[in-house]
Each structure stands twice: as C-alpha cells, then as structure tokens.
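Colleague: Chains A and B are the protein sequences, given in the same order.
Taking our numbering as reference, the numbering of the first sequence is continuous, increasing by one, and the terminal residue is 312.
Taking our numbering as reference, the numbering of the second sequence is continuous, increasing by one, and the terminal residue is 453.
Honestly, the hints are just simulated from the structure, not real lab data.
The reader is advised that the hints may include incorrect statements.
Said to hold, decoys possible - List time: in silico BS3-like cross-link candidates among lysine-lysine, alpha-carbon distance up to 30 Å: (1) B:Lys425 / A:Lys11; (2) B:Lys96 / B:Lys27; (3) B:Lys27 / A:Lys85; (4) A:Lys228 / A:Lys180; (5) B:Lys22 / A:Lys85; (6) A:Lys85 / B:Lys411; (7) B:Lys329 / A:Lys15; (8) A:Lys136 / B:Lys411; (9) B:Lys329 / A:Lys143; (10) B:Lys329 / A:Lys11; (11) A:Lys137 / B:Lys425; (12) A:Lys229 / A:Lys26.
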Amino acid sequence: MGFSVTELYKKYGEKVVVDHLSFEMKEPGVYALLGTNGAGKTTSIRMILNMLAKDGGTVEWNGGPLTLQTCNVGYLAEERGLYPKSTLMDQLMYFATLRGVPRAEAKQRIQYWGERLDATEYLFPPQEGRKPPKPKKADQLSKGNQQKIQLLLSLLSDPELLILDEPLSGLDPVNTDIFKSVIHEEIEKGKYLIMSSHQMATIEEFCTDLTILNRSKTVLQGNLAEIKKGYGRINLFIKAEQELRPMIEQAGITILSSVGFSYQCRVTGDAQANALLHDLVQREIPLVAFELREPSLHEIFVEKVGETHEEQ
Amino acid sequence: MKNSNLRGVGTVFRYTVQQHYKNTSVKVFLLILFVLAVASLPAIAFASGGKSEVTETKITQLYLRNECGFPLDEKDVHSDKIYAQVKIKPTEQDDKALAKTLDEEKTAAAAVITLNNEKMQFHIKTTYGQDGEITSSDAAALNGVLEEALHKALLRSLSVTEAQEATVRSTAVSQVSKISDFLRGAEEVGTDTHVFANMFYCYLIIMLTSLSMGYIFQLCMEEKVSKLVESLLVSVTPLALLTGKILAVTVFIFGGAAVIAVGFVISYFAAQQFFSLDTIRAVLEKMLSFKLSALHISAGTILLLLVCVLLAYAMCASLSGIVGSCCSKTEDTQQASLVVVMFIMIGYMAGALAPMFESDGVNLFCSLFPLTSIFSAFPNFVCGKIGLPVFLLALLLQAAAVVLLARTAGKVYQMMLLYRGNVPKPKQLFAMLKEQRAAAKAAAGKEDTHGAE
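With the rest of the complex left out, here is chain B:
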C-alpha cells in the first residue's frame, strides 16, 4: 500500500471528529451517559439496601425496650467507637409513648427487641423521630451494633468462653476445581460465573459494535447522499477517506466509553463515601450468580481486555464498512444493517450460549473461529477455560481477519463510491470486485509499459 494513498487521513479524521462533537445532541447524549454512570453505583447500593458507612452519629440517647429475655451489656454497644458516647436508657414505654418521646427529643432513638418463640427468631427494631437529626443510615448502623450485642448476650447466657465463641464464628471458604487447577491452587470457575462473564462481555461488544455500525453506515454514505463525492475524490483517495472516517468513529465510540469509564470511577469513589462496597459486591454477586474472586484477573487483564475490545470493534467496523459502502441512500441501510446484525448475532449467540455446554471442545472452537472469537476468547481466557497459547492464537486469527476485512472494505468503498442503485447482492458484489481487480491489473500493466518506455 502506497503512503500517498493515505494522504489526507489526518484531515478527514479531524474534520469528521470536529463536526461530530459540534453537534449539540452528541454533547447532550454524552452528558446523560456520564450522569448515569456517576449515579449507577450509589443507585445500586441504595436500591440493594447497602449498609451505610457511618463515621459519626447524631444519636445521643437510646431508649431500649428489651422484651426478649436476654439482657444486653452496655459495654458491647459502647465497644463500637461511633456509639461509645450514646446513653442507653432501658424503658417499658409502649409504642405511642415512645413516639411522643422521639418527637420531643431530636437526637434520641429507640430500639425494641422481641423474640418469636415459635420461629425462634429475634427482632430488633430501631426507630427515630420523623423531623429529627438522625439519618436512616445512622439508625441502620446502630441496629447492626445492637444485633452484635444481642449475639454476644446469647453466647454469654450459654456461658460460652471467648475461645469457644471464636470457634463458632470461624468461616469456611469452599472451592471446587479440576485436579489440574487444584494442583495449581486455582479455583475453578463455575458455569454460572462463566455464563455471566460471557454474557457481560458479549453485551459490551454488542453495545460497541451496534453503536459503531450506525455511525459507519452514515459516514460511508455521507458523500454519496450529499453528492459531494466527486469533488472530494480529486483531493483524497477513497482509502484515505474511509480510513479517516473509521478512525473518527473509533474516537466517537471509545470517547463515549471513556466518558462512561470516568463516570464509573467517580461513581465508585462517590459510593464509597456513603456505602460499603463489599456489601454492594456481595449483593451483585448473589443477584447475578457470579463470583468475581474466581476470575483470573491480573493487572495485564485490563490491557488484554482493551486489545480484545479493539479487535472486536475493528472487525465489526470493517464489516460495517463493506456493507455500508454498498448503500446509496438512507433507505438502503435498513436492509443492509440486517447483514451486519446477522453476523454479530451469530457470534453473540455462540459466545453467550457456549458456556452452557460445559464442553472444552466448544469453548476451543468458539475461541478460535474469528466471528465467535471476538465474543468468546477473552471471557474463556479470564475464566480459565482456555490457556494463554490458545488465547494468543485466537488474537492472531482475529487480527488476520481484521486485516482481510479492512482491505476488502477499502476496495468495496472505492468501487461503490460512484455506484448508484440498489444494494448489490453478495454474488454481484464479488463479480464487481473481480471486474475491478482485472481493470486494476490491466491499468498496472499499462503503467509498467509506460515506465519501460
């Protein structure tokens, strides 16, 4: 490929990017994405009842009505630094009287502990005044402290020693693995986690590719629709034009992704200020049947993720370039987009469903065949379903497919720029490409002769 064929790529790229970001709707769209990303983790934590991370309390007085028969030790409540200064006053007031007290005392809370003997279930209800200074998370944190104090009271009633208590409270970490992973000390990723990882990754790729498809279609047709193509072609080659445009779409897509990523980082730190992220993680893992600790994630994984996402994007962008180049008017894109969607869906379905077969053969095939590989190779690697050599081979095959598709996209774009008509069928397109190739060969032959003369 001659460098002169790519002259003007930078100018096309800059112009396309500038025009894109001058559009007000794009700015608004990015702003909405950013706000949603920032709000996401606090919203999830809030919705899932994430425990508040309280650093100080407004509660000065606690009215305790303990009806369970197991007296709480004040020291157990005061052992928590935040609630060390809270005065605990036992009370026998009924609910109405407690409500009146809490209305009058703005920094007072009340706790009622009961026992359901039939179910052998304790209830700790902590309440606070409606117009007081106490927050929900503050009361929830106090409730947690009371729960711990009750637990200790129960153990004491059974005369359990500290050593015995430590034994009772010890936790168990369970692990299931194949013998090869067992010998490495690695944990096997369960089907649920594998399915989740694949699904999550597939959604990511689908989002990127479907967004880019629309942009690429639009940009491939832009000059045809505005009838500007011939004026442009005396200034820049079709290859440079297409390359500049696809690079610009890359910036739109990954720029958008970067905005979301920054939003998530802010969201993470913001959520940390108010909620316990361990709790959020636990809720999410439970909700999605997913075990983050089981994934083979290291510092390099992020880099590999970027490489994989870029390759997946490049493959779908090239495919969109080929199909988009065949469109002459907006109506054509509806029909043409089905072709790209069909390819993406095949890859997606294979990527998303393959883990359910729990077969190494299926995982290997999906990881190596370029169309499915863009959806499967990375999650399979992260879940330990394929090794590093297979993963690297998969990336190599993907890169080769990208080069092939990109070159074809360049040729089709060049050939179809002046084409006006219905979207050609694949057979017609191949025939046209063949004709173009023969003409190019003939022209090259003439040029050689010319040079010899």
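Next up, chain A with everything else stripped away, as it sits in the complex:
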C-alpha cells in the first residue's frame, strides 16, 4: 500500500536527466525530494504525474499505476500562475468542477481555505457603498496572494497525495507561517506529501524521509533521523570569554569557522568532545556555550552534493 516510484528514468537525446530514481512511502507523511538546480526534481515530479513520458520505471499508488483516475492528486507546481483576466472565483470553480467536486461542496471548501490562507477579501470582496462587490481577477493580486490562491487550487479536491514543488519560495515571513500551518494541517489529516525545496530548514521541519539528487543521480536516501544518527553528533559549538583555539587544536579537533571567541568545530565523536570539555573545566575556563549536535540537513546536503562534484 502507499506510494512508490521504481527505477524512474528519463533522457533527452543522450543526456540522462533522471537516473533510475526509486523511493517509496509506505505510510502517510512528508517525503522530501531535494537536489541542486537541474538535478531532476521537477522532471521526476512531472513523470510521477504522467505529464512527461517516462523512458523507464513505474509509479504506483496503492499497488496500481498512478493515474488521474486512481489517485486524487493535488499539485502546487514550481512554475505557477493563474488565468490573469478571469475572476478568482471562476477559476476556482472551474478547477473544482474538473476534479468532480460538487458546486456546493466546492464553495464550502473555498470559504474554508480562503479563511485559513487569509485570502477571503480577494475571494469574497466586500461591498463598496451601493455598488455590488466587484470580483477580483488574478492580475489584481500580488505574487504572494496569487501563491495563496494556487495553493488553494491544489487543495480544492481534498487530495490524498499532495505534491508541493518549492511551496515557500518567494513568500514573506507572515505568509510562510500561514503556508506552514496549512502543511501541518494536511500532515495531521494523514495525507501523503511530497515536497521539493531548496530551503533545507523548512524541509527538516516537516519531512521524515528524503532523497537527495545531484545531476540526475540519487546521492543520499533514507529516513532523516537515521541518516543524522548515522553521522553521529559531530558538530561542536563552543562559546567562551577568552581565546580557546590552542586548546581545541591540542585536543585534535578541527575548527571549521570562528567569530571572536565562538567556534564551529568538527569532532570525531562524543569522546573527543568530552575530553575537550574535561580539559576546559580543569583549566577553570568559563564557558558561555558548549553544544554537541548532529549535522543539519543543510550540512548533509552540502556535504553529499560536494562529494559527488569532487568525484566527477
């Protein structure tokens, strides 16, 4: 059961753009598809949704091929837009009808998501004086507000599988928080989500499993927590009120960067960090911070992508 992609392959002429991508989601949650620009994320998503012909591989939903008929998909594409000269309500109702949502139900959902996304004033413009309210058109909205309507479009059919390609790009902090809360709501409802983003911190906030692509190839895949565990706690942050560089170097620890008396270091493991801490305490050096932690997704991504670049 669930969602799976097996050996997905695509080439343009002689250039391979997606090289045997496989992953699966056995249960609801968020799967992250990460990669550098041109790594093949959007092409993979387009093949998953049958928009682009596959040169190989299969995409399955609940054991059968994923099609418009077998899976209710919501998709917020990276390249997004709206009909500029049509009213927002016309467009939303059009999409709802295409997805087979009854009119009354569609209106309720538009009302609900309009409120959740703080877009009611555009969808249901208030009456000005005696004149009847004038419906808003897409070209009257800012980019961020258009993005809200686009997210609303992808949620209208109450999808089982929601694919969000760079959902937060270009949003201000307030709208970012609104989008995040909507994503959390969908996760809580038990939906399958696939997210693609360059914003690693955001992905880390939501995802359980991930694939990192670089130049069409999978360079890292698995459960985020396990991947991090595999790396161990190797990042050490120390802040003091005096120079510590000689003591850190004496302990065989690599200093990655330093600002004033703050140091970002790389340790081999807990023992090396503990030895340094013991030494600093014995020397009675006052410490402001001493934090040993796992690498962030950003660091893992940069490291993995960097490795493959060096190999090539």
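Since the structure of chain A is provided, determine the placement of chain B on it from the hints.
Modeller: Positioned in the frame of chain A, the structure of chain B alone reads:
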C-alpha cells in the same frame, strides 16, 4: 482512445465559452456584425437604386407637360391600382411655374415628357415638392407607370393590336450547355458563374479559418503563458483540454456566423418591405457576372454546405492546433501563423483559380486533394463540374484528413505543453514525436508486464 482521456471536455468547453462571452469586446463585435448584416440588403438595394415597392401613394394631382408628340391615355395611368385616383392635369407651365405650383401643393407631382429626335430617346422626368409629403420611391413608381403608358401610346400610334403587342413584348431565355446537360434539361454554368461561386465560397472558408486560427493559437498558448498548465494537468488530460478548447472555438466561430445569418434573414425581410428583391438580385447578378438560377441548388444543398464548411473548419482548426501547440509565447504566433496561412493560401489560390482553366481534370484534382478540396469540392458540385459520387469521395477524403490532423494535433499539444523554447522546425517536431512514441510504447510495455504480474 480511452473515454477517461476525454474526461473534463465538457467542463473545459463550458468554461472557455463562458469566459469568451463575458468579454465586453466580444459582445460589441457581435453586435456590430449583427447590425451590419441587418443593414446589408437594404443598403445594397438603396445604393443600387432598387425600385421601391410602393403600396400606396400620397400623390393626388399630376401636372403633365407632354412635349414628345405622343399623347398618353389617362386610362393607362389609372390602370395601375395605386395611381387610379390621381388626377392628371395637362399643363404648359414652364419649369419655374411648375416649381411654384409644387411648392404650394404638397400632394402634387409633375411630369415632363420630351423626345430627343437625334438620339430617338424619350425622357420622362417626374418631380415633386421639396417639403411635400411625396417620397422619392413614390415618385419613382409613378415614373414607371408613365413609362409603361408612354410605351403603350407609341404602340397605339402605330396601330399595333393587342396580339401584336404581346408578340413584341415576349421574352427569350437563353441557355448554353454540354450535350449531357442538354439531354438532362440542365443549364451549363458559365465560367463567370463558376469563378464567382468558387470565389464566394473561398472567401467564406477563409473568413472562418482565419478567425478560428487566431482563437486557437491563443487558446493553445493560454495555459503556457499564464503558467497554469501543470496545475491543470493533474485535473484533465491534454487531449481533453485541447478538444474542449477547439469545441469552444467552434461555438465562437459558428455562433458569430449564426448571428450574421440571423441578421441577413432579418435584412431580407426588412428589405422586402421597401425594395423589390428581384431588382436587387438582378443588379447583383449583373454586377458580379453571376447567374443564381444556373446553380444546382436544392433543399439538401444547405445541409451539404454546412457539412463542407464544418469539414473545412475542422481541417484548418486541427492544423492551427498543431502549429499553435508549438508556440510558447505571443511573439511565436507571428512566425507560426505564416505556416497555417501558407497552407490556406495554397488551397485558396487553387480553389479560386482552378475554374479559369475550364478543365475537368483540374476541377477533379482540386475537388479530391484534401487541402484544395475544402475550397473547391462544394462549388464544383453546385456548379455541376463534378458529380455526386466524386463529391462524396471528396468529403470522405476530407474527413480522413481531419481525423489524421486532429490526432496529430492532440499528440503535439500533449508533447509541447511543457515545452519552452523556440518554435521547433518540422524536422525537429517529427523527431520529438518519434521519441514520444517510443517512450509511450516503452511505458505501455511496462504496464503490460505490470498487469501480467
């Protein structure tokens, strides 16, 4: 073709039509077309001096200054029911005195009949007061009655009997035909009429196709330009999207044509109230070197015309669909439209010029080759240049070409929806189609394997 591939056609169609007719400029355009159509026949009749169809007259008194030497019989004027009550008063007043009389008497008219002996030409000048109640058409109708009365006066002066008059007035209907048509009793359509029929039909098709081309280009690119295409493709297949859009354009085009047709019907009845349509027809036939009576027109011809126009439209719409799908931005359409225009012009030129060759072979080729057939088959059939079996074969070939082009349009649209770049050259397009086909085959193979498992 799976039915599921066409799911959503109705929704796309309805939305596209609704959005089109919500546009104010479209409403204004249709209104202008309608008004022009309604005004057309009365305007033509008026401009061509169409005789008025007068049913009553305001003229009560006619001052007649007959200087030609052939006296008119009052009975001949009164034999016309409309002018039966008009009092005819012979006068010798000069022009100035007549003008004064007509100024004073609002329901009086005057007629001056003269003869130019050198040219042996009679002149009948009927005039009426500037601020009176008499209309131009009323005076023109009276003039016609006086002309007839003068004609009778001339015959009387020669002591022509009624039987002799009937013989003199008898008309001749001329007819030229091939022996096959002669045996059928049918009239041969002259080159002038054939050329006119072809030209007229070609203009009709050109109008429909060039209008639809713009719409189809615009609709094919709409989602690409508004960057909405990917969001749409999780709801509807490209084939359903294209089909819905082309059906909507069909409604725009034929809706517009219906508005014009209704306008013409109204125009016909409106013109009938004021003008003699026989006169208009005669003027038009003379002006355009065209003989309507020679065309093979029956009740079924209208139905055939509709079928032919639909096929021609479908062929050009599919062609526009293929070319329009290759465009990613508005600038591309200028270059791409040339391709469609070139195809249409080839067909048009062949259709319009073929009758001038007066060759059965050329007519047959133009009627059967689909590209020229959409312009030539119908007029050739109506003009009797091709028989029913050839005409039906031509329609069959056109239908086959439409199916082929429509399927190709669907594939190209699907393939090019996510394409961003310059308009591909035909060679590139064929290579892409080939690649797409291979990928589809590979995918189908995988699905079969999957099903077997």
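Colleague: Against each hint, give a clear statement of whether it holds in the structure.
Modeller: Outcome of the hint check:
Restraint check: the Cα-Cα separation between lysine 425 of chain B and lysine 11 of chain A comes to about 21 Å, which is no more than 30 Å; the hinted pair holds. Restraint check: the Cα-Cα separation between lysine 96 of chain B and lysine 27 of chain B comes to about 55 Å, which exceeds 30 Å; the hinted pair is violated. Simply put, lysine 27 of chain B and lysine 85 of chain A have alpha-carbon atoms about 16 Å apart, close enough for the 30 Å limit, and the pair holds. The straight-line distance between the Cα atoms of lysine 228 of chain A and lysine 180 of chain A is roughly 23 Å, inside the 30 Å bound, and the hint therefore holds.
A C-alpha spacing of about 11 Å is found between lysine 22 of chain B and lysine 85 of chain A, which places the hinted pair at or below 30 Å, so the restraint holds. At roughly 28 Å between alpha-carbon atoms, lysine 85 of chain A and lysine 411 of chain B fall within 30 Å of each other, so this suggested pair holds. For the hint pairing lysine 329 of chain B with lysine 15 of chain A, the CA-to-CA distance comes to about 26 Å; that is within 30 Å, so the pair holds. Our distance criterion of 30 Å between C-alpha atoms is broken by lysine 136 of chain A and lysine 411 of chain B, whose separation comes to about 35 Å.
Between lysine 329 of chain B and lysine 143 of chain A, the direct Cα distance comes to roughly 21 Å. Compliance with the 30 Å bound is thereby established for this hinted pair. Our distance criterion of 30 Å between C-alpha atoms is met by lysine 329 of chain B and lysine 11 of chain A, whose separation comes to about 25 Å. This hinted pair does not check out: lysine 137 of chain A and lysine 425 of chain B have alpha carbons roughly 37 Å apart, beyond 30 Å. Distance check on the hinted pair: lysine 229 of chain A and lysine 26 of chain A sit about 21 Å apart at the alpha-carbon level, within 30 Å; holds.
When held up to the earlier numbered hints, the structure conflicts with 2, 8, 11 and fits the remainder.
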